[in-house]
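Generate coordinates for the entire structure from the input sequences, incorporating the hints supplied.
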Amino acid sequence: MERVRRLSTLWHDLSPTTRLVLTIPLLVGFYYVVPVDAVDAFAVPRIIGTVLVVVVLGRTILSELRNRDSDISSLVILFLAVVIVGSLLFFTLQTHRPQEFVGLETRTDALYFTLTAMTTVGFGDIHAQGQVARAVVSVLLVFDVVFIAALLSRMSDRLLRPLNDLATIDNDASAEPSTRAESVSREGEENT
1 MERVRRLSTL WHDLSPTTRL VLTIPLLVGF YYVVPVDAVD AFAVPRIIGT VLVVVVLGRT
61 ILSELRNRDS DISSLVILFL AVVIVGSLLF FTLQTHRPQE FVGLETRTDA LYFTLTAMTT
121 VGFGDIHAQG QVARAVVSVL LVFDVVFIAA LLSRMSDRLL RPLNDLATID NDASAEPSTR
181 AESVSREGEE NT
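Residue numbers (full-length UniProt numbering): 1 to 192.
If you're looking for bench data, these hints aren't it; they were derived computationally from the structure. Yeah, the Cβ is synthetic: ideal placement off N, Cα and C, and Gly gets one too. Treat the hints loosely; a few may be bogus.
What the hints assert, rightly or not - Here are the computed distance ranges between Cβ atoms for each label pair:
1. Pro35 x Ser153: 32 to 40 Å
2. Tyr32 x Val132: 17 to 25 Å
3. Asn164 x Thr116: 48 to 56 Å
See the structure below:
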């Protein structure tokens, strides 16, 4: 548990750009090694590693989202994590229920499909055919709308914060003279 705390502290000490640059290859590498089909000699260690990565990533993402001062890169990391999890879900679904998708055969196909669905491009070469696949795609699209709203909210907060700070300074400055006038008025009343 102490190691997880140290890693979390180390992670938060990195610049947002460094976190993003480190996260992309980690997530993509994670995606290509997670076991989804037949059990092999390395399946158990990979499953344990997968659970650990998901727990650490989940905790990191939740702490970043709770922190309103966190950088927009945390939302980009969240988006990438959802792309990877969605791709894994689609590939696993296709592996165990091949009738759910048309054109989805490899992990790269699943990654491609997830990205085209989440960016609402949807070329149509790979598409959900079964009810389960359509339900999962629908959930992913709802997340996409919520994510875009969160991203826009975070960006507007970032852009408007300097203006709000200036307005606060202006309000404080304009309040000071009246406060001074009131105190001078009170002093004058006390002296008479």
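Structure-based check of all given hints:
1. Pro35 x Ser153: 32 to 40 Å: Taking Cβ atoms as reference, Pro35 and Ser153 lie about 37 Å apart, which means the hint holds.
2. Tyr32 x Val132: 17 to 25 Å: Roughly 24 Å apart at Cβ, these two residues keep to the hinted range, so it holds.
3. Asn164 x Thr116: 48 to 56 Å: 38 Å, violated
Consistency note: the structure conflicts with earlier hint 3 alone.
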